[in-house]
Amino acid sequence: MLIKLPLVTLILSLLGATALQIIIPTSSTEGALAVFVVGFLITAAIILIIRGLFSRSAKADEG
Amino acid sequence: MRRALVCLLTAWLMPLAVVAHAQTNPALSGLSQAAISECAKLRSGDTIATVLFRTDRVTLTRSGQRTLAILKRCIGDDAELRIRVGGNPRTDGQTSTNEDEAFRQFRNRVVLVSQQLDGPRLSIAPAVRVDVEVYVGDLQSLRLHPRPAMLLARAEASGRAAILGVRNFDPPEEPVPVGPPPPPRQPSVIRPPDRPVVVHSEATSAPRIATRSFASGLPPVTDRFGAIAVLAFPGAAATVSDIRRMGAICRVFVRKFDDAAEILAERPDARQMVTIWPVKASLNIIPLSRDASDDEIEAVCGDVIGGYDYITAREWLQHVPEDLRDRGARGPYLIAWAPPGSIGDSDQPFLVSDLSALDSEAAIDKAFQLWSEEIESKPERWSNGWDPQMLLLAIGAAADRYGEQIVNGISFVLGRDSD
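Each protein sequence line maps, in turn, to chains C and P. Here the working numbering runs 1 ahead of the position in the first sequence, where the first position is 1. Here the working numbering runs 2 ahead of the position in the second sequence, where the first position is 1.
Calculated from the structure, these hints are not laboratory results. Keep in mind that the hints are not guaranteed to be accurate.
Heads up, simulated SDA-like pairs for lysine to any residue below, C-alpha to C-alpha not over 20 angstroms straight-line [claimed, not checked]:
#1 Lys368(P) / Thr30(C)
#2 Lys368(P) / Arg57(C)
#3 Lys368(P) / Ser29(C)
#4 Lys258(P) / Ala33(C)
#5 Lys368(P) / Thr10(C)
#6 Lys368(P) / Ser56(C)
#7 Lys368(P) / Lys282(P)
#8 Lys282(P) / Ser218(P)
#9 Lys282(P) / Arg329(P)
#10 Lys368(P) / Ser28(C)
#11 Lys282(P) / Ala240(P)
#12 Lys368(P) / Ser218(P)
#13 Lys258(P) / Leu416(P)
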């Protein structure tokens with residue numbers, strides 16, 4: 002699975018953070034940075050959850 | 003985390019704003035079918051409206067001429083349509099900025115009567131200040147749209163023409179008695195009532211335009227308003243930052259919406275979705291154009307912030323259901339009702355938007371833009387509560403407010419000195 006690659010996870014997280022920063026209007030540098038960081042963390046968390054679900058289903062298949 | 007996920011998904015699924023389109027019927031522009039049918043009941047000598055201008059020239063607008071043509075047709079060729087032009091009541095050369103005083107005094111001092119309705123222009127020289135009274139003969143039970151006031155005349159001046167005020171004829175509710183015609187009546191000046199008086203509102207395809215007004219109390223509710231809204235602050239600004247924020251809101255309020263009186267003059271066929279900034283009755287606010295200079299806006303905003311009518315604002319807020327407003331929120335709230343006479347009626351469409359979370363002028367500007375688009379849509383499409391775009395604005399405002407702490411926290415976690 003492509004999503005299992007750490008680099009892909011990183012890129013997707015950065016993309017998610019960028020998208021969030023574009024969508025959410027901020028008027029200060031700190032605000033924009035906060036949105037970017039939080040967006041990065043949220044996207045990374047979502048991807049990790051998805052990865053976890055895939056891993057669990059794969060193990061279940063093997064079992 | 004769940005909330006954050008919802009926010010993220012919401013952001014990705016953000017819907018587009020809907021822009022309402024409306025078509026107008028040029029043949030009946032300014033007058034409804036019902037209004038035309040009422041023409042038969044009109045009687046000579048009644049004033050349909052009074053408009054005060056500060057100008058040196060009056061021009062009949064194109065729509066005004068069209069309206070006159072319609073009125074002439076429906077009341078017959080024998081009827082007389084008059085525009086009465088009066089001088090400024092003040093003799094000291096100063097223009098009274100007190101609208102009510104000007105109206106009151108003007109009634110007793112008509113210096114010129116013109117009947118040159120066939121010509122598009124009435125030149126009045128060398129008056130520096132001129133008040134214009136619009137007369138249309140043969141008006142009895144006038145259920146006409148009050149728009150003719152501004153349909154008929156537009157002020158022009160070499161400098162800036164300021165509209166000092168508008169008074170519209172408010173027809174009596176009782177039916178017209180059958181019998182000999184009563185004697186001609188004196189022109190009457192109608193004051194805005196304390197509570198809205200609803201003139202019959204009918205479905206119309208006229209375009210909706212979001213406008214603004216600095217007004218004391220509730221304006222008379224007529225067909226010209228498609229909806230009526232208020233910018234309500236629950237409590238007085240207590241700190242310097244609160245006053246600054248109120249100033250930012252005022253600036254956006256002025257720039258984002260057109261002045262109600264101005265739109266009435268330029269687009270009399272439009273249905274105004276007017277948002278009111280309530281001010282104390284003692285305050286005299288000169289109508290402010292959207293493209294006014296920064297100094298003018300600052301001056302007016304200083305006045306309207308100091309003269310904000312918190313009592314009226316709280317009265318409006320009491321009409322909002324409890325579940326749509328937070329106790330202790332700093333506001334302001336934008337609250338709209340349609341039709342305007344349905345204030346407080348929970349069965350009729352109303353719209354509430356809470357701007358408490360917004361601080362920056364950019365965010366407030368965006369919020370007013372959303373409000374403008376929402377209020378200009380059909381009231382049946384109004385939606386309260388969960389608005390994805392308002393949610394994004396609130397998230398952005400929170401990020402601005404807590405951004406520094408978040409960045410410092412991250413720096414701390416990463417083991418770096420925040421300084």
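A quick look at each hint next to the structure:
no.	hint	result
1	Lys368(P) / Thr30(C)	holds (18 angstroms)
2	Lys368(P) / Arg57(C)	violated (44 angstroms)
3	Lys368(P) / Ser29(C)	holds (15 angstroms)
4	Lys258(P) / Ala33(C)	violated (25 angstroms)
5	Lys368(P) / Thr10(C)	violated (34 angstroms)
6	Lys368(P) / Ser56(C)	violated (43 angstroms)
7	Lys368(P) / Lys282(P)	violated (28 angstroms)
8	Lys282(P) / Ser218(P)	holds (5 angstroms)
9	Lys282(P) / Arg329(P)	violated (25 angstroms)
10	Lys368(P) / Ser28(C)	holds (12 angstroms)
11	Lys282(P) / Ala240(P)	holds (18 angstroms)
12	Lys368(P) / Ser218(P)	violated (27 angstroms)
13	Lys258(P) / Leu416(P)	violated (43 angstroms)
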